[in-house]
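Participant: As given, the protein sequences belong to chains A and B, one line each in that order. Going by the numbering used here, the residue at position 101 of the first sequence is 101; the numbering climbs one at a time, nothing skipped. Count along the second sequence from 1, then add 115; that gives the number in the numbering used here.
Treat the hints as calculated values from the structure; they're not laboratory data. Just so you know, these numbers come straight off a predicted model, no measurement behind them. Please note that a few of the clues may not be correct.
[Said to hold, decoys possible] Simulated DEER-style distance windows between Cβ atoms: (1) Ser-73(A) x Gln-195(B): 37 to 45 Å; (2) Trp-10(A) x Gln-195(B): 28 to 36 Å; (3) His-7(A) x Asp-208(B): 29 to 37 Å; (4) His-129(B) x His-7(A): 35 to 43 Å.
[Claimed, not checked] Just so you have them, the derived chain B footprint on chain A, three or more residues with Cβ under 8 Å: (5) 39–52; (6) 64–71.
Every residue gets a Cβ at the ideal spot worked out from N, C-alpha and C, and that includes glycine.
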Amino acid sequence: GAVVSQHPSWVICKSGTSVKIECRSLDFQATTMFWYRQFPKQSLMLMATSNEGSKATYEQGVEKDKFLINHASLTLSTLTVTSAHPEDSSFYICSATRGGSYEQYFGPGTRLTVT
Amino acid sequence: EDKVVQSPLSLVVHEGDTVTLNCSYEVTNFRSLLWYKQEKKAPTFLFMLTSSGIEKKSGRLSSILDKKELFSILNITATQTGDSAIYLCAGRDSGYALNFGKGTSLLVTP
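Sequences are here, hints too, so could you generate the full structure?
Facilitator: The structure is reproduced here in structure tokens:
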């Protein structure tokens with residue numbers, strides 16, 4: 001159990017367009033979901049924490065109007081990169097926790113390339 | 116500001132060697148230290164350490180935490196080419212969020 005999926009796994013978009021990335025917990029209800037970004041040869045940087053039904057908490061330096069997070073159900077969170085620019089090209093990974101557990105289950109990641 | 120620092124940043128060893136990866140942390144309200152292995156996709160969980168001095172072991176991998184000196188090590192014995200990956204450590208505070216280090220890139224050559 002505890003499988004997290006992401007869709008799409010890879011996306012290329014043009015500068016100025018918006019891209020939505022989905023994160024789903026397939027076999028459990030995710031009380032909290034996290035969104036991370038990873039640039040090449042860098043570590044995972046936490047972007048935001050989201051709890052179902054409430055507004056996401058963004059880390060310092062992450063623009064909430066640019067990276068829209070919606071956690072509408074206990075199994076789905078979405079990250080929308082609005083007006084994407086080449087510098088937004090990165091590997092975006094979500095993770096989820098269930099119940100009272102602190103263990104995070106990671107999705108496989110989404111590679112975003114903005115041309 | 117919370118900080119997790121890993122060393123070395125990269126390492127190349129021969130199959131059969133033993134490696135030690137280091138992780139030092141400064142995390143307010145520290146609760147646990149986690150190790151992950153990352154190959155081409157998302158990280159996979161290795162260990163979670165909450166208590167000092169208690170070694171956790173899984174096959175050829177082991178890890179230990181020193182809460183007094185604020186560091187952890189990950190040991191891999193008899194390395195294999197399949198151990199080649201980036202190893203990440205992360206500190207967790209009283210919340211759920213993880214603060215990751217930059218990782219150690221390990222390459223095991225045949």
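Participant: Please test the hint of 29 to 37 Å on the beta carbon pair from His-7(A) and Asp-208(B).
Facilitator: 31 Å Cβ-Cβ, so the 29 to 37 Å window holds.
Participant: Has the hinted range 28 to 36 Å been met by the Cβ atoms of Trp-10(A) and Gln-195(B)?
Facilitator: holds (29 Å)
Participant: Is it true that the C-beta distance of His-129(B) to His-7(A) lies inside 35 to 43 Å, as the hint says?
Facilitator: holds (40 Å)
Participant: Counting residues of the stretch 64–71 of chain A whose CB is closer than 8 Å to a CB in chain B, do you get three or more?
Facilitator: With 0 residues closer than 8 Å to chain B, the stretch 64–71 of chain A misses the three-residue bar; violated.
Participant: CB of Ser-73(A) to CB of Gln-195(B), is that within 37 to 45 Å?
Facilitator: holds (41 Å)
Participant: Does the stretch 39–52 of chain A contain three or more residues whose Cβ lies closer than 8 Å to a Cβ of chain B?
Facilitator: It holds, with 7 qualifying residues against the three required.
Violation of the numbered hints given earlier is confined to hint 6; every other hint is satisfied by the structure.
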